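Chemist: Starting from two chains that each stand alone, build the complex the way the hints lay out.
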Amino acid sequence: DAGVTQSPTHLIKTRGQQVTLRCSPKSGHDTVSWYQQALGQGPQFIFQYYEEEERQRGNFPDRFSGHQFPNYSSELNVNALLLGDSALYLCASSLDISSYNEQFFGPGTRLTVL
Amino acid sequence: RKEVEQDPGPFNVPEGATVAFNCTYSNSASQSFFWYRQDCRKEPKLLMSVYSSGNEDGRFTAQLNRASQYISLLIRDSKLSDSATYLCVVKKGSTLGRLYFGRGTQLTVWP
Numbered sequence: 051d052a053g054v055t056q057s058p059t060h061l062i063k064t065r066g067q068q069v070t071l072r073c074s075p076k077s078g079h080d081t082v083s084w085y086q087q088a089l090g091q092g093p094q095f096i097f098q099y100y101e102e103e104e105r106q107r108g109n110f111p112d113r114f115s116g117h118q119f120p121n122y123s124s125e126l127n128v129n130a131l132l133l134g135d136s137a138l139y140l141c142a143s144s145l146d147i148s149s150y151n152e153q154f155f156g157p158g159t160r161l162t163v164l
Numbered sequence: 003r004k005e006v007e008q009d010p011g012p013f014n015v016p017e018g019a020t021v022a023f024n025c026t027y028s029n030s031a032s033q034s035f036f037w038y039r040q041d042c043r044k045e046p047k048l049l050m051s052v053y054s055s056g057n058e059d060g061r062f063t064a065q066l067n068r069a070s071q072y073i074s075l076l077i078r079d080s081k082l083s084d085s086a087t088y089l090c091v092v093k094k095g096s097t098l099g100r101l102y103f104g105r106g107t108q109l110t111v112w113p
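Taken in order, these protein sequences are the chains called A and B.
The first sequence begins at 51 in the working numbering and counts up by one.
The second sequence begins at 3 in the working numbering and counts up by one.
With the rest of the complex left out, here is chain B (with noise of 0.2 Å):
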């Protein structure tokens, strides 16, 4: 089983819409969880960490599940510039800085 597990979509939405992605992790012991935004043939950058109070950052909004090992995030109002492939990531305090990468959620919006 992967260590974290996403659904790959496509999504595409409209301009304004509200988006959410999901993704769920196999290993209890992952310690530290993040958003990653990658555009096409370009590199991963941190889009947010995910706290487990949740957290908010403008129109992003991440959640944390321990209980349920589920990683969500929300996109309100969404922006043409969010198309993007989101990748879900975990880290585990014990893996001295490894990050475990889902296979990314591509969004496409268009206006």
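In isolation and in its complexed conformation, chain A is listed as follows (with noise of 0.2 Å):
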């Protein structure tokens, strides 16, 4: 029974260029939030998609948007990247929208802004 992936796992960009980092769910799973976690802070929420629609949004810029696949899979994508953006962006999964099911994270991807 394969986790949450998530690809790429590390990725180097300069200022002002776009990134787009993907993410898988774990099996059995339909729902997909994005976390920014800033090295030594806790990670913070960036947005939830379920049944291909984003349903609930953190306290981030519009530079931030996401997707949601059919096959439950997600993208997240940051345009006119800033230093601030370098972090890791951790990917998790959990079994429809309720707040009562666990939530899996992926390993993350290692963002560095140059």
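For the record, the hints were derived by calculation from the structure and aren't laboratory data.
This structure is a prediction, so every number in the text was calculated from the model and none was measured.
Ideal Cβ positions, reconstructed from N, Cα and C, are used throughout, including at glycine.
Keep in mind that the hints are not guaranteed to be accurate.
[Stated by the list, open to error] Covered by chain A, per the in silico footprint, the following chain B stretches (three or more residues, Cβ under 8 Å):
1. 43 to 49
2. 76 to 84
[Unchecked claim] Only pairs whose alpha carbons sit at most 20 Å apart, straight line, appear in this in silico SDA-like list of lysine to any residue:
3. B:Lys47 x A:Leu132
4. B:Lys93 x A:Thr55
5. B:Lys4 x A:Gln106
6. A:Lys76 x B:Leu82
7. B:Lys47 x B:Ala19
8. B:Lys47 x A:Leu138
9. B:Lys47 x A:Asn151
10. B:Lys47 x A:Gln68
[To be verified] Restraint-style ranges between C-beta atoms, simulated for each label pair:
11. A:Leu61 x B:Cys42: 14 to 24 Å
12. A:Ser115 x B:Pro12: 33 to 43 Å
13. B:Arg43 x A:Gly134: 14 to 24 Å
Modeler: This is the structure in structure tokens:
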């Protein structure tokens, strides 16, 4: 039973560029949430996808956008990268949008913006 | 004010020691409470849920005080393998599974 997978593992970009990160949820899960974890901080919620729609969003600018595909996988896009976007980006999946189900995290994508 | 506040530490303790972590949360609508463990450069993993009556899992004991909006984690007989960052996490029932994380408390257990 495959867990949550994310790609790429590491990424280096320069300011102003755009990046796309990918996530495949745990088998049987249909809800995907994205978190940003800056160095020395706890993960911060970016947004959540369910039934191919963004269901809720944290306090992140519109430069952060996402998508969920019919197979429940998801992408996180960040435009006009800033140095402050350097972080570990974590994807978490859960079974349906209920608040009672455990979320499982993927290994993350470490993004460095130069 | 942040949703979840934690002392970042670091805590450095010898093997066999007992160590306690605390956190406070700001929103009384918070419904579910957890401790996650995060190893260096890895993803967070659920350590244990925290229940109002308090709960224990081996050497780990979690307590919740809803009146004071306070959560604790006690680790007894610390092992080298307990070295990690411990994240206090809160979930509000109205926010469809969104997790609110504290910044984490770093623990190093030395031989």
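Chemist: Are the Cα positions of Lys47 of chain B and Asn151 of chain A separated by 20 Å at most?
Modeler: Judged against 20 Å, a Cα distance of about 14 Å means the pair holds.
Chemist: Please work out if Lys93 of chain B and Thr55 of chain A have their alpha carbons no farther apart than 20 Å.
Modeler: Outside the cut-off at roughly 24 Å; violated.
Chemist: Looking only at beta-carbon atoms, does the pair Arg43 of chain B, Gly134 of chain A fall within the given range of 14 to 24 Å?
Modeler: Check passed, 20 Å falls within 14 to 24 Å.
Chemist: Between Lys4 of chain B and Gln106 of chain A, does the CA-CA distance stay at or below 20 Å?
Modeler: Roughly 19 Å separates the two Cα atoms, so the pair holds.
Chemist: Has the region 76 to 84 of chain B got at least three residues whose CB is nearer than 8 Å to a CB belonging to chain A?
Modeler: Violated, because only 0 residues of the region 76 to 84 of chain B bring their Cβ atoms closer than 8 Å to Cβ atoms of chain A.
Chemist: Is the gap between the beta carbons of Ser115 of chain A and Pro12 of chain B within 33 to 43 Å?
Modeler: holds (36 Å)
Chemist: Check the hint pairing Lys47 of chain B with Leu132 of chain A against an upper bound of 20 Å on the C-alpha distance.
Modeler: violated (29 Å)
Chemist: Quick one, are Lys47 of chain B and Ala19 of chain B close enough, alpha carbons at most 20 Å?
Modeler: Given that 20 Å is the threshold and the Cα spacing comes to 23 Å, the pair is violated.
Chemist: Is the coverage entry for the region 43 to 49 of chain B by chain A consistent with the three-residue Cβ rule at 8 Å?
Modeler: With 6 residues close enough to chain A, the hint holds.
Chemist: Take the C-alpha atoms of Lys47 of chain B and Leu138 of chain A, compute the straight-line distance between them, and say whether it is at most 20 Å.
Modeler: Since the Cα atoms of Lys47 of chain B and Leu138 of chain A sit roughly 15 Å apart, the hinted pair holds (cutoff 20 Å).
Chemist: I want to verify a distance hint. Is the separation of the beta carbons of Leu61 of chain A and Cys42 of chain B within 14 to 24 Å?
Modeler: holds (19 Å)
Chemist: Run the distance test for Lys47 of chain B versus Gln68 of chain A: straight-line Cα separation, threshold 20 Å.
Modeler: Not satisfied, since the Cα-Cα distance of roughly 29 Å exceeds 20 Å.
Of the numbered hints listed earlier, those contradicted by the structure are 2, 3, 4, 6, 7, 10.
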